[in-house]
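A.B. asks: Heads up: the sequence lines are chains A and B, in that order. Our numbering puts the first residue of the first sequence at 1, with every later residue one more than the last. Our numbering puts the first residue of the second sequence at 338, with every later residue one more than the last.
Please note that the accuracy of each hint is not assured.
As the list claims (entries may be wrong) - Short, incomplete list of chain A residues facing chain B, as computed with Cβ under 10 Å: (1) Gln34; (2) Pro38; (3) Ala92; (4) Ala314.
As the list claims (entries may be wrong) - From the structure, some residues in chain A lie toward chain B, with a derived Cβ separation under 7 Å: (5) Ala39; (6) Asp40; (7) Leu78; (8) Ser100; (9) Gly110; (10) Ala316; (11) Ala319.
Unchecked claim - Taking lysine-lysine and the DSSO-like style, the derived pairs with C-alpha atoms no more than 27 Å apart in a straight line are: (12) A:Lys231 to B:Lys405; (13) B:Lys405 to B:Lys415; (14) A:Lys172 to A:Lys81; (15) A:Lys172 to B:Lys353.
Quick caveat, the hints were computed from the structure, so don't treat them as lab data. Note that beta-carbon positions come from the ideal geometry of N, C-alpha and C, so glycine has one too.
In case you want the letters, here they are:
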Amino acid sequence: MGRQGAGVAADQGLGGEKPAAGGGGFDQAIARDQRIEPADEMPDGYRRTMVRQIAQHAHSEIIGMQPEGEWITRAPTLRRKAILLAKVQDEAGHGLYLYSAAETLGADRGDLTRRLIDGKQKYSSIFNYPTRSFADVGVIGWLVDGAAICNQVPLCRSSYGPYARAMIRICKEESFHQRQGYELLMTMMHGTPRQREMVQDAVDRWWWPSLMMFGPPDAQSPNTAQSMAWKIKRHTNDELRQRFVDMTVPQAAALGVTLPDPALRWNEERGHHDFGQPDWDELKRVISGDGPMNRRRLDRRRRADEDGAWVRSAAAAHAVRTSRAAGPGTGGLDGEA
Amino acid sequence: MERHEWPLFEVFVRAKRGLNHVHVGSLRAADHEMALHHARDLYTRRNEGVSIWVVRSDAVAASDPLAKDAMFEPSQDKVYRHPTHYAIPDSVPHI
Ligand SMILES: [Fe+2]
Ligand SMILES: [Fe+2]
Chain A
1 MGRQGAGVAA DQGLGGEKPA AGGGGFDQAI ARDQRIEPAD EMPDGYRRTM VRQIAQHAHS
61 EIIGMQPEGE WITRAPTLRR KAILLAKVQD EAGHGLYLYS AAETLGADRG DLTRRLIDGK
121 QKYSSIFNYP TRSFADVGVI GWLVDGAAIC NQVPLCRSSY GPYARAMIRI CKEESFHQRQ
181 GYELLMTMMH GTPRQREMVQ DAVDRWWWPS LMMFGPPDAQ SPNTAQSMAW KIKRHTNDEL
241 RQRFVDMTVP QAAALGVTLP DPALRWNEER GHHDFGQPDW DELKRVISGD GPMNRRRLDR
301 RRRADEDGAW VRSAAAAHAV RTSRAAGPGT GGLDGEA
Chain B
338 MERHEWPLFE VFVRAKRGLN HVHVGSLRAA DHEMALHHAR DLYTRRNEGV SIWVVRSDAV
398 AASDPLAKDA MFEPSQDKVY RHPTHYAIPD SVPHI
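Based on the provided sequences and hints, a complete structural model is requested.
C.D. replies: Below, the structure is given as structure tokens:
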């Protein structure tokens with residue numbers, strides 16, 4: 001029994017900073033498909049990979065608020081505005097669940113934010129594309145959240161406990177995101193020819209970047225094998241991409257839009273759709289900072305951080321003053337519903 | 338610029354009356370009041386709870402996972418603590 005701080009609070013999911021070791025306990029737990037919990041022994045590489053993956057995922061949720069957030073004030077009806085607000089708020093929540101999971105590994109939330117702003121940690125390439133019309137809001141919900149669901153559902157069984165639990169929470173909410181997007185597009189497809197054009201135009205622009213969300217092809221993805229061995233990942237990039245295409249094709253048909261890939265067709269033998277490859281050089285460029293919106297996204301994030309600095313310190317100062325005035329203890333546990 | 342990090346709080350939510358509060362995650366806040374507000378916004382956006390507890394993470398004491406065996410093994414060889422340890426003929430009712 002010990003006070004937290006030496007990182008012993010395993011079950012609570014508190015920050016643990018145990019010296020890493022690749023002992024038999026870890027390998028055995030992985031082999032038996034058991035979850036790794038925060039204060040367990042784990043190899044350095046596993047801890048580093050987990051922190052990097054969770055941080056990148058958290059950053060993606062937070063940066064991902066921007067492309068759609070730009071449309072909140074321009075939503076065409078109060079209902080659409082309320083829906084979009086709720087969706088963007090969910091994405092903020094997803095980011096915070098994930099920062100919470102990263103902190104169980106000894107990472108520090110403020111430090112991760114710093115790394116994002118300084119361009120030292122990455123986020124999903126998809127959010128570096130502009131949202132040109134309100135149809136983009138619908139297409140993002142349908143395709144981008146749809147691809148995110150494909151990626152995230154298997155992560156609910158990821159070997160790191162706090163990450164897997166955050167994913168379960170997130171997946172429950174993503175379904176709303178995808179459905180509101182699809183419904184928005186159905187509404188527009190039942191509208192004027194101009195509205196239908198807007199939808200098709202948005203699909204044309206977002207299709208290939210959505211396929212890139214699954215990462216490079218397996219042959220060019222050096223980390224996949226290790227991540228699968230550690231059961232962080234359960235499927236390869238290409239497997240997930242195939243699953244996404246197969247799921248999306250009938251949805252596109254029901255909607256009445258064309259997916260912009262001349263090579264896309266059903267392959268009876270494979271029982272899957274054949275499809276073309278995205279421009280992988282473009283993915284490399286966008287990931288390394290050279291996409292259409294990279295600068296804008298990071299500038300916006302930096303500004304939000306700087307604008308919030310005085311609030312953070314004022315609230316901290318206020319908390320110190322009131323706790324001195326009130327003394328220890330802030331009420332019991334029984335004032336509840 | 339120096340960052341003013343708020344302390345970490347653990348959040349526990351009671352899903353409905355009759356159930357225990359269950360740990361759901363953590364968050365950062367300046368004080369308990371703000372932690373409760375943030376917990377409401379972060380962990381109960383869809384009626385997930387009727388009551389929330391927040392506890393400063395550094396106020397939680399926990400058992401050491403490396404001492405898990407010493408801590409929990411003594412209960413493993415006490416089979417006589419379980420009702421199935423006792424053989425009673427099937428003919429005896431209500432036991
Ligand atoms: Fe999300
Ligand atoms: Fe989402």
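A.B. asks: With reference to the structure, classify each hint as holding or not holding.
C.D. replies: So, going through the hints one by one against the coordinates:
Because the closest C-beta pair between Gln34 (chain A) and chain B is about 13 Å apart, greater than 10 Å, the hint is violated. Proximity of Pro38 (chain A) to chain B holds as hinted, the smallest CB-CB distance being about 9 Å (cut-off 10 Å). The beta carbon of Ala92 (chain A) is positioned within 10 Å of a beta carbon in chain B (closest approach about 9 Å), and the interface hint is therefore held. With 10 Å as the threshold, the beta carbon of Ala314 (chain A) comes within range of chain B, its nearest partner Cβ sitting at about 9 Å, so the hint holds.
A distance limit of 7 Å between C-beta atoms decides the matter here; for Ala39 (chain A) the minimum to chain B is near 5 Å, and the interface restraint holds. This hint holds: Asp40 (chain A) has a C-beta 6 Å from the nearest C-beta of chain B, less than the 7 Å allowed. Given hint, Leu78 (chain A) at the interface with chain B, is violated; its Cβ is 19 Å from that chain's nearest Cβ, farther than 7 Å. Because the closest C-beta pair between Ser100 (chain A) and chain B is about 5 Å apart, less than 7 Å, the hint holds.
Interface restraint check: Gly110 (chain A) against chain B, minimum CB-CB distance 4 Å, threshold 7 Å, status holds. Hint status for Ala316 (chain A) relative to chain B: holds, with the closest Cβ pair at about 5 Å, below 7 Å. The beta carbon of Ala319 (chain A) is positioned within 7 Å of a beta carbon in chain B (closest approach about 4 Å), and the interface hint is therefore held. Between Lys231 (chain A) and Lys405 (chain B) the CA atoms are separated by roughly 24 Å; this keeps the pair inside 27 Å, and the hint holds.
Pair hint Lys405 (chain B) plus Lys415 (chain B) holds up; C-alpha atoms about 17 Å apart against a cutoff of 27 Å. A distance of roughly 21 Å separates the Cα atoms of Lys172 (chain A) and Lys81 (chain A); the hinted pair therefore holds under the 27 Å criterion. A threshold of 27 Å between alpha carbons decides the hint, and for Lys172 (chain A) with Lys353 (chain B) the separation of about 19 Å falls inside it, so the pair holds.
Hints 1 and 7 from the list above are not met by this structure, while the remaining hints are.
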